[in-house]
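Colleague: Here is what each chain is made of, one letter per residue.
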Amino acid sequence: MTNTARLDWRRCRVVESELVADRVRRITIERPAPLGRAAEPGSHIDVRVSLSAEGSSDVRSYSVVESDAAGHRLTITVLLVAHSRGGSAFMHRLAVGDTIEATRPLQDFPLVPGADRHVLLAGGIGVTALVGMGRALARLGGDYRIVYVGRSRSVMAYADLLASEHGERLATHIDADGTALDVDGLVAGIAAEPGRTELLMCGPVRLMDAVRRAWLHAGLSPTDLRFETFGNSGWFDAESFEVSIPELGITTTVSADQTMLDALTAAGAELMWDCRKGECGLCVMAVSQLSGKLDHRDVFLSDRQKAADDQACTCVTRVVAAGADRGRITLHTR
Amino acid sequence: MDEQDLRERVNAKIFPHPLNAWYAAGWDWEVNRKQILARTIAGRPMAFYRTEAGRPVALADACWHRLAPLSMGTLVGAEEIQCPYHGLRYNASGRCTRLPAQETLNPSASVPSFPIVERYRYVWVWPGDPTLADPSTIPDMHQLDDPEWAGDGLTIEAACNYQLILDNLMDLTHEEFVHGSSLGQDELSQSEFSTRLESDNHVSVTRWMIDVKPPAFWAKNMRDLDPDFDGRVDRWQIIHYYAPSTICIDVGVAPTGTGAPEGDRSKGVNGYVMNTITPDTERTSHYFWAFMRNYRLDSQKITTELRNGVRGVFGEDEAMLKAQQRAIDANPDYAFYSLNIDAGGIWVRRILDRMLQAEGRLGDSSPTVPSDARALTDAARDPNGPVADAGERSAR
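Going down the list, the sequences are from chains A and B. Numbering-wise (our numbering), the first sequence opens with residue 1 and increments by one. Numbering-wise (our numbering), the second sequence opens with residue 335 and increments by one.
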C-alpha cells in the first residue's frame, strides 16, 4: 500500500552524472539524511521529473544500482528513450549540483534465499535491478546464473562489471552480434534441472512476456517467476468513461486521471476496498453491462476471469470506448 | 566516538545483539520433517524444517495473511509449509504458492526467509540483512564433526541476556567458586593469564597452571587415558571467542614436565568446550554446548560420561546466570563494575559494540544503561595489574 509518509519524498542533490554507455547515464544522488542502512538489491526510488514540453511533472521509477552502507548515496542508471514523453530526457540533463525530488528506496522486488538456484535475467537497462542481487548471491555462495540480454554491446552499461564479478556464471546475449537469447531454450533448461529454480527478471515487456509464456507452458510454478513492472499500466491509455451502480442510484463520470473507485466514492458510494493497487480483490464488483472495452490492470483476477469480463477491480480497472461512442460500465455490489 | 560513551555502552547490563551475524538456531537433528521447530532467534520468531531433499529452511513464524504461526502448520510436497489457519502455502523461499480461495497469487504474498547453512552439527541462521550473509564467516567449530574428535552436547535455555554467558566463559576464575567440586582450584585465580585481540572478530585468553594437582574432572579424564595415573599436571585453558557469540575453549592437562606448555601434549588429554550462544529475547538465550575430546574416540561410555559431567557443571553456571539476571533486574540503579579478570569479556563487548555501530543500532543500548556516578568517575583499570582477591570479587 502506498501512502505519502512512507514514500518519504526528499530534495536530493546530484553528486555524479556520467554517460557510461550509448544513451545510458549513471546518476548518483545524495539524500539529505542517511537511511541508516544500505538500499536493498531490487529496490527502486521514485523521482519527480518535469516534462518540459507539457510544462507538467510526473513520477518515474528507477532501480537502485548501488548504495553506500548508510543508504546516503544512491546510484541509478537511466536510458535515454527515443520517443519518451520527456522523463528520461529530464534525467539526462541532470548535472552535478542539481537537485531533484526523490523517495526513499522502495522494495517491491526482493531477493530472498531459499531456492535451490537462482537465475537473474536482465534485458537492456533492466540490468539495474539485478546488479545488487548478483552481488548478494555471490556472497551467499549459492548456485546462480546471470543472463544479460541487449540489442548491442554499446548500450550494455554493466557488461564489464558483471563479467568481472561473476565470470563463468554470466551469459551475455547480444542481438546485433547474432547471439540473441533463445527464451524457450533457457526455460526448457530450467525445467529440466532437478530442484527448484527461481528466475528474477527485469527488462522490456516483450522479453518478459515471452519468458512468462514459456515458463507457464513448461509447467513451472508461477511463484518462481519474479519480475517487476513499474507502474502497472494497462493495454490502453487512460480515458474518461461513465460508471453506474443502479442499486445505489449512482451514475458518474470517471476522468482520465481518476480511478473508478475514487469517482464512485466521491459520488457517495460506500464501497469495500483495501490495497488500491489491484492485488487484494476486496474491491471486486460484478459487471452487468459494458459499452467499450475493459482494461483490467489488476493481478487479482485470473486470465480466465478477465476474459469473461463479468467482474472488475474498481481500484485499477478502466473502460475505453474502443470504437463505441463512449466507455460505459454498469456495476453491482456482490 | 566519545570514550565515556563507549565505556558506558560496553558495560551494559542488557547487551543488544547484532542482527547481521550467523547464529546457531539448533542442532542438526532438531530441524527435520517430523516436527516444525518454532524458535526465536535474535528476537525474531522463526519456523524451521527441512525440504524433502534435506535442506534446512528458516521462515518467519507468522503467516503473511493474519500472522498465524506457521510452525503450527503442516509440511506439504517437497518443500512447502501450509498455514494452519487458512491453508496458505509457502515454498522454502517464503513465497506464497497457494491462496486457496482465489485463482491467482498475490505478488506480495510472502513471508521472510532467512539465509540458513548447516555446518558443524548446527544449523546456522542469519537474522539480519540477507544480502550481507556470507557463510565463510560462520565461526570455526570443526571439532564438532571432525573424525579426530569425539563427543556430544546439549542445549541450555538460559534465563539471561546472552552477554552474561559470554562474560562467564571469557573469565574462568569463576570455576574456583561455582565449580569447586569438579573444576575449581586455587591456581585458577593465582595464575597469570594473557588476553589478546587476535583479529577484529577473534579474542583469545590463555592461562597455564604449571605443576598443579588436577581437579576431580581432569583426574578422571587422565585416568581414562592411563588408569594408573596419579600425579601432578600442567593444566591449560585457551579461550577463543569468535564474534558474535561463539566461544571454543581448548582445555586439558598433561603430566607435569612432559612438555605440554612447549607444545607437546601427547602425554595428556585434550578437550574442546564448544559454546555458541544465540540471543532469544533480551533476557533469554539459547546456549548450545558440547564437550569434544581427542582420546579414546571409540568409547561411547566416555562420551556419555563427559556430556553428563559437563551438564552438571553447566547446571551450576545456569543457576548463577539466572540469579545474576534477576539481581540485575532487581537493581536498576546499580551499574556493572569491570575488574582486571574481565579483560576478555570487555574485548568481546567492544567487538559487539563495533558490530552494532556498523548496523546503526547503537541507540538500542543507551536506554538500558543507567549511568552510575561511581562507575563513571573511577579511573580505568590497569589491565596488567594484580588480580583482585576473592573477597573483593564476592562483594560485588
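Rather than coming from a laboratory, the hints here were simulated on the basis of the structure. Don't take every hint at face value.
[Claimed, not checked] Dumping the calculated EDC-like pairs for lysine to aspartate or glutamate here, alpha-carbon to alpha-carbon at most 20 Å:
| hint | chain 1 | residue 1 | chain 2 | residue 2 |
| --- | --- | --- | --- | --- |
| 1 | A | 277 | B | 560 |
| 2 | B | 635 | B | 560 |
| 3 | A | 293 | A | 270 |
| 4 | A | 306 | B | 510 |
| 5 | A | 277 | A | 247 |
| 6 | A | 277 | A | 262 |
All values reported here derive from a predicted model rather than from experimental measurement.
Colleague: Given the hint that residue 293 (chain A) pairs with residue 270 (chain A), does the C-alpha gap stay at or below 20 Å?
Modeller: Answer violated: residue 293 (chain A) to residue 270 (chain A) is near 25 Å, above 20 Å.
Colleague: With the threshold set at 20 Å, check whether the alpha-carbon distance from residue 635 (chain B) to residue 560 (chain B) stays at or below it.
Modeller: Satisfied, since the Cα-Cα distance of roughly 16 Å is no more than 20 Å.
Colleague: Holds or violated: are the alpha carbons of residue 277 (chain A) and residue 262 (chain A) at most 20 Å from each other?
Modeller: 13 Å, holds
Colleague: Measure nothing beyond the straight line between the CA atoms of residue 277 (chain A) and residue 247 (chain A); if it is 20 Å or shorter, mark the hint as holding.
Modeller: Violated - the C-alpha atoms of residue 247 (chain A) and residue 277 (chain A) are around 26 Å apart, more than 20 Å.
Colleague: Given the proposed pairing of residue 306 (chain A) with residue 510 (chain B), does the C-alpha separation stay at or below 20 Å?
Modeller: Distance of about 76 Å is beyond 20 Å: violated.
Colleague: Quickly compare the C-alpha distance for residue 277 (chain A) and residue 560 (chain B) to 20 Å and report which way the hint goes.
Modeller: 76 Å, violated
In summary, the numbered hints that this structure violates are 1, 3, 4 and 5.
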